[in-house]
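Asker: With chain A's structure known, arrange chain B on it following the hints.
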Amino acid sequence: MDMLIIAERINSSRKWMARAMEARDAAFVQHEAGKQAGAGADYLDVNAGAFVGEELDCLKWVVRAVQEVTDSPLCIDSPDPAVIKGVLPLVNKPPLINSITLDPARLNGILPLVAEHGAKVIGLCQSEDKMAESIDDKLRLAGQLAENVTKAGIPLSDLYIHPLVYPLATHPPSAMVTLAAIDRIMHELKGVHTICGLTNVSYGLPERKLINRTFLVAAVARGLDAVILDPTDKALFGALKAGLAVAGKDEYCMDYIAAFREGRLA
Amino acid sequence: MSEMLQQIKDAVIARKRLEIQGLVQAALDEGMDPDTIIDKGLIAAMDVVGKKFSDSEIFVPEMLVSALTMKMGLDVVKPLLLKRGDSRSRGTIIMATVKGDIHDIGKNIVIMMLEGAGFQVVDLGVDLTVEKLVEQIETIGPHLLGLSALLTTTMPEMRRTIDVLREKGLKEKLKVMVGGAPVSASFAEEIGADGYGADAAEAVELARRLIGQAPG
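Sequences listed follow chains A and B, in order. In short: position in the first sequence from 1, add 3, done, that's the numbering used here. In short: position in the second sequence from 1, add 11, done, that's the numbering used here.
Hint data in this document are derived by calculation from the structure and do not stem from the laboratory. Worth double-checking, as some hints may not be accurate.
To give an idea of the interface, some chain B residues facing chain A are shown, with a C-beta separation under 8 angstroms as derived from the structure [claimed, not checked]:
id, residue
1, Pro72
2, Ile113
3, Ile116
4, Ile120
5, Thr164
6, Ala196
7, Phe198
Per the computed footprint, the stretches of chain A lying under chain B, defined by three or more beta-carbons under 8 angstroms from a beta-carbon of chain B, are [as the list claims (entries may be wrong)]:
id, segment
8, 163-174
9, 190-200
10, 237-244
One-sided and incomplete, this derived list gives chain B residues near chain A with beta-carbon spacing under 7 angstroms [stated by the list, open to error]:
id, residue
11, Phe70
12, Asp138
13, Val141
14, Thr163
Think of the CB as a built atom: it goes at the ideal place given N, C-alpha and C, for glycine as much as any other residue.
Isolated chain B (complex conformation):
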């Protein structure tokens, strides 16, 4: 790997917010391909960060600041991609906290990591009714839906949401992943979700796997 690419990757991992944009710009000036910068520099760095977080080597705010650094780097590359008419999205994901639950801290961390992995994420917020969700799925046509619940009392709403998607014939058109403190892999399976992520890094891995499988 070129030294420049390594520097970009290191800067994201080490959360060097003041340096990242200069490094990315310098790589572009040298004629480096934007795709390479994104894949081998920025996204590759977030994979390392996600792993470190899963391994308890770093803490939540460290992960967030890395994601922030990654986004700042991406901001430098993005105009070039737009000029090429290439959104470079790895797939579209809708994220929401289910009805009756207004917690969003975990969901927002997952969103930052998904964006860091190159997905286009639409955040539908908290306390989301199934009706509104159905409407948004029909409009946006996402590859993947991520549902979050922090309360044991709102876990049944996850089941209901998936039931409604199935009734409306939408379940076959996308994958569903679930997460949140009281949620477990066995609960995910029981309600017919396609996967469960225990933390933000697992959610990214899961999204890659599920979108790889998604039809279309």
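Chain A extracted, bound-state conformation:
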């Protein structure tokens, strides 16, 4: 299927997950890992960013715990090159690194590690001091990410460009700007992928999951080919499958039908 699913639940910004990590409760983290892998995750995101000063130690523990119960490759989620470098030797399969920006410290610290380990990398459309807001800004920064990745000897097909999306509640045009940027990045930067998280867009609104699902379907229709989400959310997973069918990315709707037979659409 042309859609890479990165499962988001093993993240220390979630209260229960942070508690489990703090208590080194392996069973809790492993249960989440197994559940998400079983729900169709291609990569399991692992984040211990809430543990300032102890992020590396905690993330090492998480990586070991998760790999004990699943073969799924990991998505190493940290802005800190030292943390990524420290965790990489423990990782069994080539991971996805989440993430670089155009901040030179992150580019220079992380891209050599990506190249060395045959990893894939998520690049945010964000410079040192600014997150891209307009379509042109997003496209320009995407181009610079591609250049830097190429310079580091990493194939463009290993780059997942994250165009960023702002809350509709505070930035009314933001979703449409991001959708247009996805379309243009996929057409103008041949070979790269686009990825997005879904929770920002719905900040400050009621029934956030409904907005998240709707945005996902629209993004898939514009060419998004990777997504960070909770694969155990049935309604969201169903929307993704339906969106791929509508976007013509699921020939004869075979995946959609299979998901229906597995009882996973709603």
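Answerer: Here is chain B on its own, set in the frame of chain A:
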């Protein structure tokens, strides 16, 4: 309260952007005091809006559009105040996101609500170095500094900022409030901030309290 004042207040609460300026103008034409319009109409309305938001009765965009409506009403009154040589500011507040952090959505919501409460707010933007902040504090002389951080990784920068203000002898001259998703009241106390606001409405209450206490 006069019916006109009530209409102004209701219009802000109900986000009637098309009606607010006509209502405020009509009140002025009737000879109503600009101060009364601002205090009992516009600001009083935003207090209700802030409370509704804190109580989860309304959502972020509803609060923003109310703030926008309030500002449109204020625009009608302001020229009269300027003519009187009265800025009517409740105090000056500097707002910024600390160095290393470029998130500004929460900060901008807080700024809108502070302005809605009648404060003069200077927005120093995101990723603000301590050096630049010190320079601006010395130039502007604010009553209150509001610092925002969205990342756990930039919370230590809040501590550093307050430490530097203390070293430079600036901490005694102003109050500091902090906020942002990972920040808590206990963290605020630990780093020596004067207060923590969990949301925009709390930030307004806090600012009123702290500026009431501020020297000068």
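Asker: Going through the earlier hints one by one, which of them does the structure break, listed in rising order?
Answerer: 6, 7, 9, 10, 13
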